[in-house]
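Engineer: Given next are the chains, with one letter for each unit.
There are 2 protein chains.
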Amino acid sequence: MDFIKDLDGGFSVIENLKVSGAREGKYGVSIIVSPNSTASAVFTSNKVVAAPVKYTKNALKKGIISAVFVNSGNANCFTGEKGIKDCETLVELVSKDLDIPKDEIAISSTGVIGREMPIDIISKVAYESISKLGNNAENSLAAAKAIMTTDTFPKECAVEVTLTNGETVKIAGITKGSGMIAPNMGTMLSFIVTDAEIPSDEINKALKKAADISFNMIVVDGDESTNDTCLMMANGSSGVNVVEDGKLDPNFQEGLNYLCIDLAKKMARDGEGATKFIEANVCGAKDLEDARLAAKSIISSSLFKSAVFGGDPNWGRIVSAIGYSGCDLNPDIVTIAIASDLDEVDLVKDGEILAFENTPNLERAEKIMQSKNVIVNIDMHLGDGEATAWGCDLTYDYVKINAEYTT
Amino acid sequence: MDFIKDLDGGFSVIENLKVSGAREGKYGVSIIVSPNSTASAVFTSNKVVAAPVKYTKNALKKGIISAVFVNSGNANCFTGEKGIKDCETLVELVSKDLDIPKDEIAISSTGVIGREMPIDIISKVAYESISKLGNNAENSLAAAKAIMTTDTFPKECAVEVTLTNGETVKIAGITKGSGMIAPNMGTMLSFIVTDAEIPSDEINKALKKAADISFNMIVVDGDESTNDTCLMMANGSSGVNVVEDGKLDPNFQEGLNYLCIDLAKKMARDGEGATKFIEANVCGAKDLEDARLAAKSIISSSLFKSAVFGGDPNWGRIVSAIGYSGCDLNPDIVTIAIASDLDEVDLVKDGEILAFENTPNLERAEKIMQSKNVIVNIDMHLGDGEATAWGCDLTYDYVKINAEYTT
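Going down the list, the sequences are from chains P and D. The first sequence begins at 3 in my numbering and counts up one residue at a time. The second sequence begins at 3 in my numbering and counts up one residue at a time.
These are calculated hints, taken from the structure and not from any lab test. Don't take every hint at face value.
Identical chains share a label here; the pair holds if one copy fits it or two copies do between them.
Restricting the straight-line Cα-Cα distance to at most 27 Å, the calculated cross-link-like pairs of lysine-lysine (DSSO-like) are [to be verified]:
no. : residue 1 : residue 2
1   : LYS87     : LYS59
2   : LYS369    : LYS49
3   : LYS49     : LYS351
4   : LYS63     : LYS28
5   : LYS211    : LYS369
6   : LYS402    : LYS374
7   : LYS49     : LYS374
8   : LYS288    : LYS351
9   : LYS402    : LYS267
10  : LYS374    : LYS267
11  : LYS104    : LYS267
12  : LYS63     : LYS267
13  : LYS351    : LYS211
14  : LYS288    : LYS56
15  : LYS87     : LYS351
16  : LYS56     : LYS351
17  : LYS84     : LYS351
18  : LYS59     : LYS402
19  : LYS288    : LYS49
20  : LYS288    : LYS374
21  : LYS211    : LYS84
22  : LYS402    : LYS56
23  : LYS63     : LYS126
24  : LYS7      : LYS98
25  : LYS63     : LYS249
Can you build the whole structure from these sequences, using the hints too?
Structural biologist: What follows is the structure, encoded as structure tokens:
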């Protein structure tokens with residue numbers, strides 16, 4: 003898609019935006035200041051919802067956000083009335099220090115559940131973060147780093163999108179964690195800012211569409227967090243309106259999809275303990291829903307994830323995972339291939355097994371399974387449904403990280 | 003329940019029953035001969051179904067089974083027409099050698115998917131097994147051993163049930179693997195024989211009820227096999243009919259439930275790589291379905307399973323797992339306790355956290371988490387729904403076993 007151009011510098015590509023990040027031990031604070039932005043967000047569907055999620059849902063009712071406060075180290079979840087009060091305290095701190103109306107500030111947290119927020123230390127880190135606010139690549143990176151928990155690398159993306167009328171807008175985002183539908187302990191948090199003009203209800207629609215094919219299609223361990231948040235702001239600094247006659251420019255949607263998929267893949271790649279990245283492409287499913295079920299079931303199978311870790315081209319586990327996903331499947335006509343960046347080989351073609359012991363196909367498959375990126379391509383030959391899901395292998399280190407994570 | 007008495011000896015407690023087991027390398031064959039038994043079974047709901055499952059579903063239409071052939075080492079799944087032919091070949095072998103009508107023979111397999119059955123070696127082991135048929139405790143144990151794959155111990159149970167009218171009947175069973183709804187690679191297979199008289203449609207109803215609160219409530223890794231089978235036969239050798247006026251004796255149902263729960267717990271305890279056994283008891287749920295969802299979600303959470311392995315009383319992961327299970331939950335009134343065989347401690351009581359850092363409750367909780375049996379007790383205070391699920395911790399060895407399992 004030549005109307006989407008990758009940019010360096012994360013949030014720094016957006017005008018009229020300041021960001022910062024600071025950290026002390028396990029507690030980090032990122033601040034994003036984007037004055038008078040239209041905004042919307044998608045949140046966890048877990049019935050146990052952290053205080054900042056409740057707070058921010060309410061703050062978003064007005065549709066205008068000027069600043070976002072994010073902390074790592076404590077999820078402020080299962081903390082009752084005190085949790086909401088702590089949100090108010092931190093929002094007030096930002097409001098006073100930056101002279102921004104309280105009701106235009108969103109708040110987001112990630113970390114341990116069921117512990118009161120250590121307000122003193124988080125306030126201290128917050129002041130430090132605010133003092134560093136700026137609009138350059140280092141600041142964006144610092145913000146991406148301050149929200150990390152068990153993440154091993156910061157995750158940013160920025161793009162320039164050429165609209166159908168030839169004008170350009172930019173979108174930038176940072177993320178942490180490992181998945182909206184099925185994130186690991188660390189919670190998935192994503193913050194996206196565009197310089198386009200776009201009403202908050204259109205942001206909501208566009209963000210839901212993008213999240214559905216990106217954050218909602220990655221799985222690390224099937225656990226869904228209490229704090230998951232993906233918040234998007236549009237500050238209009240480009241002066242370009244991307245909604246004309248009530249219709250969102252399709253190139254803008256594509257650009258947002260691209261950005262969200264990029265961020266989601268980075269999360270899957272950084273799944274706790276991961277050594278390999280897995281992509282499952284399903285086509286020929288009965289319909290879209292079936293394709294999504296099949297792709298996510300492959301990515302979620304502990305058995306297949308362990309096989310990828312071990313480098314075992316165990317297509318029996320792939321077909322079994324599709325079989326219990328709930329989608330329609332005719333094993334007699336399915337095609338299963340695996341691929342790396344260098345090679346692709348059919349394991350099963352139109353229901354016929356091609357990768358028996360001592361066959362060239364199995365030998366090639368074994369080599370493919372050694373690569374860092376393992377791609378599974380399924381054609382179910384039943385209809386037009388297509389979907390892609392991303393994940394990672396299940397490793398000793400996943401168990402280690404989660405066995406040792408302190409309550 | 004004093005009308006249920008544990009018995010030693012497995013299948014040997016049932017009259018008019020012969021069993022045997024033999025093994026050569028990874029290939030094992032168990033034979034169960036129970037002439038002219040009424041029979042029924044429950045099977046995997048995976049859409050990819052192994053040849054022996056298709057074969058046995060058909061064989062059961064008549065409702066009479068006299069012998070069961072079971073092999074380990076090859077699942078005979080994804081093997082097309084050849085797979086069904088191999089079932090016929092093995093059934094014919096049993097039929098000729100034991101003079102049993104072909105249409106009264108069931109067949110069941112567990113092992114690798116997508117490889118043709120090595121008929122020569124399996125036939126050889128089958129003949130050896132048949133030559134050993136007998137009715138004693140050693141034979142029952144040999145049968146339980148021959149169906150093992152990654153299991154670390156054989157699983158048997160036998161009970162005597164005193165009916166409401168004072169008469170007694172016996173039920174015995176063997177099992178392998180780790181779960182009907184969510185089994186590990188090894189597939190769950192269970193074979194149960196009773197000396198009661200009971201029509202096949204009543205067996206079907208009773209078996210479904212028992213499976214629902216036993217095999218369907220254990221989870222090892224969430225993967226569901228293509229071969230799962232639980233088959234029950236009634237040979238009537240006690241001369242006692244357990245159905246009167248179209249009603250199954252409730253004590254018989256309780257006895258069958260007891261036996262199935264015992265076998266299911268043994269499977270959960272023997273989950274691949276498991277070092278600890280987990281029991282999740284949920285009460286006070288809105289309804290039965292909600293209680294089942296919550297209990298199974300706790301048992302299935304990779305995060306909580308890793309925490310159990312590490313001995314971390316991470317109740318945040320318990321509450322999060324309930325929160326995304328889909329059941330109704332009010333975090334403000336929930337009670338969460340954990341227990342070992344020696345102690346029980348509240349972590350959260352009526353929504354209030356009692357296990358903060360450096361509290362006596364947390365210290366006791368940490369000790370409890372070191373025990374071999376970790377019990378989670380949840381009261382949701384919303385209704386009458388109650389359910390129990392069983393599972394095991396997620397360990398380095400789970401990953402090791404499944405990373406190294408050969409395709």
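Engineer: Hint by hint, which ones does the structure fall short of?
Structural biologist: 2, 4, 5, 7, 11, 12, 13, 18, 20, 21, 22, 23, 24
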